[in-house]
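J.: Sequence:
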Amino acid sequence: MTAQPMITQTPVTPDVDALGTWLPVPGYGVLAVNAFVIRATRPVLVDTGPAVLGDAFIQALERAIDPARLEWIWLTHPDPDHVGNLAAVLQRAPRARVVTTFLGMGKLGLLGLPVDRVHLLNPGQSLDVGERRLLAVAPPVFDAPESTGLFDPSTGALFSADCFGALLPAPAAGAADVAPELLRAGMIGWATVDAPWLHRVDRGRFRESLQAVADLQPKRILSSHLPPASNMTATLLGNLADAPDAPPFVGPDQAALEQMLAA
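Numbering (the UniProt record's numbering), first residue to last: 1 to 263.
Everything labelled a hint here was simulated from the structure, so no lab data went into it. Every residue gets a Cβ at the ideal spot worked out from N, C-alpha and C, and that includes glycine.
Pair by pair, the computed Cβ-Cβ distance ranges are:
1. Thr10 x Gln91: 19 to 29 Å
2. Glu258 x Asn231: 42 to 52 Å
3. Gln259 x Asp66: 44 to 54 Å
4. Asp66 x Glu131: 13 to 23 Å
5. Arg200 x Pro252: 20 to 30 Å
6. Ala87 x Gln217: 33 to 43 Å
7. Met6 x Arg39: 17 to 27 Å
8. Gly238 x Thr10: 22 to 32 Å
9. Ala170 x Arg95: 36 to 46 Å
10. Glu258 x Asp128: 45 to 55 Å
11. Pro14 x Asp253: 44 to 54 Å
The whole structure should be built from the sequences, with the hints applied where relevant.
T.: Below you can see the structure in the form of structure tokens.
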């Protein structure tokens, strides 16, 4: 029987906790998978983790906040590692509405999500969380067209969805704890896996999308697939800038997969 991944509840800022785990990627290392709780006047849960966490995710959430207080569940996009515990959270958060885009709503409809629990928001618009508003942003790197991150101008925290993720050799408490060359290689490797279209993109347009992030002047990058990164925006953007020129990712075939599993 495969052991259930562990999940940790870690304070990132006075009003943000990360609910994180690490998933093994055979042959490539490990990948962080993070959800976040924003304890605003109208509290927000960003993503709901992979289903494999099950009750452990709910328990970590309950340590961070009473789920019944949640008013918003911001789904960066409805991939399985982001919506795995959505149904369980919705049961415990009867007032919460799911923040997504029109395309995201369509995909979530396939999962049985009722329309009256959805709040549509496009990049450039903002969400009222009581004492402040969170800005919806389109991340420069993504694997689903409905991907929508969020920026908190009051704290400088950018929740970047899959963007800035990295395949790493081992878990780390923060991005700054990873050796620079390993972080760079891990970020470029993840970008080529998660966004294979990068090799076809116009380089100028891609630089513009990176500059849009720089213009926000985020103090902290909170990616779904990277340990929290404080005061590292220039480094992370520099790593991503070279991803379109990296060799395209080619996954292992069946023979290679069997060798990895045997090892």
